[in-house]
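Heads up, the sequence shown is in our numbering, so the first residue is 28 and it goes up one at a time.
One or more hints might be untrue.
Claimed, not checked - In silico DSS-like links for lysine-lysine, alpha-carbon gap of 30 Å or less: (1) Lys360 with Lys322; (2) Lys381 with Lys325; (3) Lys381 with Lys322; (4) Lys340 with Lys360; (5) Lys360 with Lys325; (6) Lys322 with Lys340; (7) Lys325 with Lys340; (8) Lys189 with Lys219; (9) Lys189 with Lys93.
Everything labelled a hint here was simulated from the structure, so no lab data went into it.
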Amino acid sequence: MVEPRRRARPSPTTVLTRYLPFLAVIVAIAVIAAVAPGATNSSPRAASSVGPRPLTFDQARTQGVKVDWGPNCDTTTGRVAVPLSYAPPCVQPWRGGSNGGATAPGVTGDSITIAVYQAQPDVLQQSFFQQTGSDESLNAELRTTQAYTDFFQAHYETYGRKIRLVPVRASGAPDDDVAAKADAIKVATQVKAFASFSGPDQTSAYADELAARGVLCLGDCVLAEPDSFLQSRAPYVWPTLASPEQAALHWAAFVSTLAGRPATHAGDPALRHQVRRFGVVRYDDAAGTFERSFKRFKSLLARQHTSIALDEKYQLDLSQAQESARTIIAALKRARVTSVVLAGDPIFPAFLTKEATAQGYFPEWVVLGYAYTDTAVFGRTYDQRQWAHAFGVSLLPTRTSDTANEFANILTWQFGRGPEAKTYEVLVQAPLIFFTGVHLAGPHLTAATFRAGLFSYPASSTTAPTVIHMSWGRHGIWPSTDYTWGDDATVIWWDPNASGPDEVGSPGRGLYRYALGGRRYLPGHWPSQVGLYDVPHSVTVLNTLPASGRPPSYPSPAPRTPG
């Protein structure tokens, strides 16, 4: 098995990726990643034959087969009858009989065992969570995960099997390779799980070891790992948002729309009349892990006749952050950069923007949005004289209030109460992927049939502001086989005068605006005009869902409250 990448010291942002309640967040510390050092696959070979597939609604209609679809199918849409935009196609209900029994590790004739990985924040991180109002107990998060499991179990087909969740508390920090490997061995040999919901995402060791032992890792398991990592460990690692290579296609497309034009959104009036000169400020580690990634990103831009004037790397060392910021800002000024492409973590920009103001440098800030730099909770910590000129790309859907959020509303619809944990938008990701795959896999559940099930999920040709476009496999969206959930992206910019709650509910000034009502773009479909700074047609936080993102409505099964 390939040795996981070693890290000399823990990252200050390690557990932020798991505990702040941002919708469908899979965060990358090293942002412009398109090709990272490759890895070979030592995982068990998934069976090439997936056996008989479940009969779907559309297949039955095409074949003229009459099916009693039961109460869980909406026969007007052919989808599972739940108020969720991501509902999969109906499959012929399981009426009993043999489902193959113990078809895979963690699978029996009547159960599927799932490990629920629980990261352990340290004292400093716990203090941060409390200050931001995002503190969650592990028990509250486990109960919320169980609530989502109960919701999906009640409506999606699991072919006579019940889901058993087993919490697994981390034995080390999320970037501790040794602890991660030990935890994975425990999940495979002691818990004997079919899959793990999440993992220590600052190291690949956990996902590596699970894949080697034939156990799936779903959701927040790895960060910033390239397509080659996913392909070599297929079909065992299933992240949520687009992979770094995929995201880079969005970033290059957006940056190219800016090229050859004046830097009209810069803070310095003198820069606004100059044709844009791009400089990249990007995180990297001491080993230069992401050097190849940056070269790949540059090549994508070069195809669009766009060049980078300056490449400034930094390492996230808070004791040296101010001095690093001073050096980087001075270099950007010398290179006459008008537009800073920010490809880093969410903490360093606080130092960088403060230093830019100290040196009287007011450029455009181009946010790539593969980290918390595209959230208000961190945007408010940056120098607002600088961040008033920040704009870019986000992979996240347009923000909604909790009352409009469909991931909150499905629990209210099912049980009469919303999610207990504020982090519900992260916690729902792995169960959603898991139950979609199981539902479409058929009764003979293995890693191979799970993959076949997800690959058969129909990819829509449309997008919606509040919904991440979901697909797996090959649907003509990406150039390679897709093992991630999200496909599309949107345009954002910072409005320092907009008031409202941030992502953890704290009121204040400063929010991102989503261009053209949050319009989203699939790769290869970026227009030349994206509504940047078109305030009348932009939105910040939606209290009602737009028609294009509104899930169907069904009678609630929740017990009625007396009176």
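So which of those numbered hints doesn't the model satisfy?
-> none
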